[in-house]
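Please work from the sequences and hints to get the whole structure.
For the record, the sequence lines run as chains A and B.
1 is the number of the first residue of the first sequence in my numbering; add one for each residue after it.
1001 is the number of the first residue of the second sequence in my numbering; add one for each residue after it.
Hints are supplied without guarantee of correctness; some may be wrong.
[Stated by the list, open to error] Dumping the calculated DMTMM-like pairs for lysine to aspartate or glutamate here, alpha-carbon to alpha-carbon at most 25 Å:
| # | chain 1 | residue 1 | chain 2 | residue 2 |
| --- | --- | --- | --- | --- |
| 1 | A | K321 | A | E187 |
| 2 | A | K117 | B | D1087 |
| 3 | A | K117 | A | D192 |
| 4 | A | K117 | A | D130 |
| 5 | A | K321 | A | D163 |
| 6 | A | K117 | B | E1090 |
Hints in this document: simulated from the structure, not taken from any laboratory.
Keep in mind it's a predicted model, so treat the numbers as computed, not measured.
Chain by chain, the residues run as shown.
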Amino acid sequence: MKHDDVVIAGAGMHPWGKWGRHFSTYGVAAARTALADAGIEWTDVDFIVGGETVRNGYPGYVAGATFAQALGWSGARVATSYAACASGAQAIDVARARIMAGLSEVALVVGADTTPKGFLAPVAGDRWDDPDWLRFRLLGATNPTYFGLYARRRIDLYGATTDDFAHVKVKNARHGLHNPNARYRKEVTTDDVAASPVVADPLRLLDICATSDGGAAVVLCSADYARRLDDARPVRVRGVSTVTPTYPNTVIEMPNFATDSSAVVTPSDTAFRDAIAAAAYAEAGLGPDDVDVAEVYDLSTALELDWYENLQLCGVGEAEKFLRDGHSTIGGRTPVNPSGGLACFGEAVPAQALAQVCELTWQLRGEAGDRQVEGARVGITANQGLFGHGSSVILST
Amino acid sequence: MSQTASRTPIPAVDGWFELEPEPALIGARCVECSTVVFPPPSESTPCPNPRCASDRFESHRLATTGTIWSYTDAQYQPPPPYIPTTDPYEPFALAAVDLADDGLIVLGQVAEGFGVDDLAVGMQVTLVIETLYSDDQHDHLMWRWRPEGDQS
Chain A
1 MKHDDVVIAG
11 AGMHPWGKWG
21 RHFSTYGVAA
31 ARTALADAGI
41 EWTDVDFIVG
51 GETVRNGYPG
61 YVAGATFAQA
71 LGWSGARVAT
81 SYAACASGAQ
91 AIDVARARIM
101 AGLSEVALVV
111 GADTTPKGFL
121 APVAGDRWDD
131 PDWLRFRLLG
141 ATNPTYFGLY
151 ARRRIDLYGA
161 TTDDFAHVKV
171 KNARHGLHNP
181 NARYRKEVTT
191 DDVAASPVVA
201 DPLRLLDICA
211 TSDGGAAVVL
221 CSADYARRLD
231 DARPVRVRGV
241 STVTPTYPNT
251 VIEMPNFATD
261 SSAVVTPSDT
271 AFRDAIAAAA
281 YAEAGLGPDD
291 VDVAEVYDLS
301 TALELDWYEN
311 LQLCGVGEAE
321 KFLRDGHSTI
331 GGRTPVNPSG
341 GLACFGEAVP
351 AQALAQVCEL
361 TWQLRGEAGD
371 RQVEGARVGI
381 TANQGLFGHG
391 SSVILST
Chain B
1001 MSQTASRTPI
1011 PAVDGWFELE
1021 PEPALIGARC
1031 VECSTVVFPP
1041 PSESTPCPNP
1051 RCASDRFESH
1061 RLATTGTIWS
1071 YTDAQYQPPP
1081 PYIPTTDPYE
1091 PFALAAVDLA
1101 DDGLIVLGQV
1111 AEGFGVDDLA
1121 VGMQVTLVIE
1131 TLYSDDQHDH
1141 LMWRWRPEGD
1151 QS
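Here is the structure:
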């Protein structure tokens, strides 16, 4: 039987930090929390999707089966999703599509990772045909290189200041203070940011998110199944965007050396990050005015400002004003990153798009405690995965 | 990093740039739709224009001057496979440069001796070839962007 509506019946996380355990440990903990939250037994799940990580040896490449085995083989259907930072959203998309098609009723989506210290870097070995390897060898271009380029553009195009960037960190640190799953729970001042060393001019250490261990999971089911569970707090999945860029993509993106050429084909009016949000809005039948809360990808403080505009929470070039006016702070017009964002969590790549969905689930149920956005009924997540993976999820009550 | 007579200069990557008759990036141009591609595609790669079915390209020298789209630097030593050239590590700057005639933006390190304080969005730069790193036999050459003299 086909289903029109898919709901999030359960959400769970393993606290983020530098724990040094196997990634499946975090995934299983998050999965069990999500299953308990949903009131569903693991053996009732008929489909499991794992967000893949590529840095942890063989099991990381077959994450769905690794989690399934760790939870105890149950005969569930299985899939594994790799979309870099968008892995979790793509995994939700696959689970949701299977439920909508009537091929599954209850799906468990899990992402977890353990990360090394320092910069995210390519795996070892000489790979002269891999742009991600080549950008390190030939340019020394780390991820913050690209964040620095975008930040500098905001300064020169829109008059952003490094103080604006620091205020994003201050805001997110304050949001995350009471989040039990966050790694960093400490007030940060603009002076603290200014006193931290420059990593990629104009960005400083406290402008750039850390790498972390962590796990997140959600249980999806059909609305019919949720009714049988007597779920009094259903959160509906309204749209999932996994779009790729449209040629020519004229913004330089990790891990590329160059943009596409616009010499022959005129670029679309909608740039890639804008298109990620636009596709989610279109699928949900909702618009930016409907959004009460957003979880966006603050890989750098300056990048969060870009997302305000990409999500159309404000006009192009107006993100600094939106921030300064307090609109993106809890209590403001559209609070952004009430969880504390990556500023408080750090990156655990296959888990973070799922962590965003967990936070919105709690926000829409009114279960977010001291970081609750009052009256939140519609939430949007946004991030972007390396190699052209779009990711945005819209949820509503 | 001094160049010694015993080392042979070679490109750090094959086929992406040339030194003669003057330094230039070597891209490719689709023989059907004229779309420009950089880095040059490997054999039998299809044209990136999704409405073009061709997989045939001709070599195309990119413009050797452009304007800075944005810039940054690397204050921390990048991890391998980056090969550091000094100990202790010395930061370097990078610029993404808009090559207007080719319709694309190319990332590169900034020429030796220049840092972010020498750069601005919109500034004109010229392609130069410098040594990226050296080993016993070779100086491995790479393209870099040099701010034009009268602006700094």
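For each hint, the structure was consulted:
Distance check on the hinted pair: K321(A) and E187(A) sit about 23 Å apart at the alpha-carbon level, within 25 Å; holds. Proposed proximity of K117(A) and D1087(B) is supported: the alpha carbons are some 21 Å apart, at most 25 Å. For the suggested pair K117(A) and D192(A), the alpha carbons sit about 22 Å apart, so the restraint of at most 25 Å is met. A threshold of 25 Å between alpha carbons decides the hint, and for K117(A) with D130(A) the separation of about 23 Å falls inside it, so the pair holds.
With a C-alpha separation of about 13 Å, the suggested pair K321(A) and D163(A) falls inside the 25 Å cut-off, and the hint holds. Distance restraint check for K117(A) and E1090(B): the Cα-Cα separation of roughly 21 Å lies within the 25 Å cut-off, and the hinted pair is therefore satisfied.
Of the numbered hints stated above, none is contradicted by the structure.
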